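Just so you know, the protein sequences line up as chains F and Y, in that order. Sequence positions in the first sequence follow the working numbering and run 45 to 178. Sequence positions in the second sequence follow the working numbering and run 300 to 406.
It is worth saying that the hints were derived from the structure and are not from the lab. Quick caveat: nothing in here was measured; it's all calculated off a predicted structure. Check each hint, because a few of them may be wrong.
Stated by the list, open to error - Partial list, computed: chain F residues near chain Y (C-beta under 8 angstroms): (1) 76; (2) 102; (3) 105; (4) 106; (5) 110; (6) 113; (7) 116; (8) 121; (9) 144; (10) 172; (11) 175.
Said to hold, decoys possible - Example chain Y residues on the side facing chain F (calculated, C-beta under 8 angstroms, incomplete): (12) 353; (13) 366; (14) 368.
Beta carbons: idealized from backbone N, C-alpha and C, even for Gly.
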Amino acid sequence: MSTKKFMYLNRRSSFGTVYALESLEVVLIAAAFEQDVSLAFIDDGVYQIVEGQNTDGIGMKNFSKTYHALGDYEINKLYVSAESLEERGLTEEDLMPLVYEDEDDDWEEKPSVKIVSNAELSKIMSEQDVCLSF
Amino acid sequence: MADILGAEVDEEGFLVDLKDWTKEIAEQMAKDDDIELTEEHWDVIDFLREYFEEYQIAPAVRVLTKAIAKRMGKDKGNSKYLYSLFPYGPGKQGCRFAGLPKPTGCI
């Protein structure tokens, strides 16, 4: 089976709609097919990976913890729009420190999150075989 | 709706509410599958429960295998060993005994 480049675009915040959770589940399921997967967080999608989410008050499952498992599924390219962060008064320090273990480098922990400009993101998107927007 | 020791389970035998889980329920589920739980089984069940607590998902078999290898050594972190403990699949059967939902992506 040939490998294709899949990018999942996340544009909505975590809990107002079901899109964030659905996207995450599709990503985890698709990981079984060993494709080249990356995620992009744009617009309100950047809120999905903000540190310190607490769902006690809304009675929903706090699936933000699940983003920490992405590294285990060899999903380690998480692009975050610099402009979207800035528009919301957020910086990289507000995001969860998501990491993966690099198999080719003695399992050293490396960051999965990469802040990129919209121009860079658009270039990365143009290199994909498939872009799925949530 | 079916139940095991009073705890509600779905049509595939997974606990509906994972807060209902007890060791006795795990033992009963195993007995119904003709398995006697050993220390080796419990190592995996405990690991699955810890994984779920940390990440809020049941790991895919591939991820489970790798994680067990890292924690308990390569002689245990392989699918042959895990299937010898859980013949119906370490993901599916192991997660059921551990009181977790069916792993995401597991058919």
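Hint-by-hint comparison with the structure:
1. 76: holds (5 angstroms)
2. 102: violated (15 angstroms)
3. 105: holds (6 angstroms)
4. 106: holds (7 angstroms)
5. 110: holds (5 angstroms)
6. 113: This interface hint holds because 4 angstroms falls under the 8 angstroms limit.
7. 116: holds (5 angstroms)
8. 121: Where the cut-off is 8 angstroms and the nearest Cβ of chain Y is about 18 angstroms from residue 121 (chain F), the hint is violated.
9. 144: At 12 angstroms from the nearest chain Y Cβ, residue 144 (chain F) fails the 8 angstroms test, so the hint is violated.
10. 172: With Cβ-Cβ at 22 angstroms, over 8 angstroms, it is violated.
11. 175: Where the cut-off is 8 angstroms and the nearest Cβ of chain Y is about 21 angstroms from residue 175 (chain F), the hint is violated.
12. 353: Holds - the Cβ of residue 353 (chain Y) comes within 8 angstroms of chain F, reaching about 7 angstroms at its closest.
13. 366: holds (7 angstroms)
14. 368: violated (11 angstroms)
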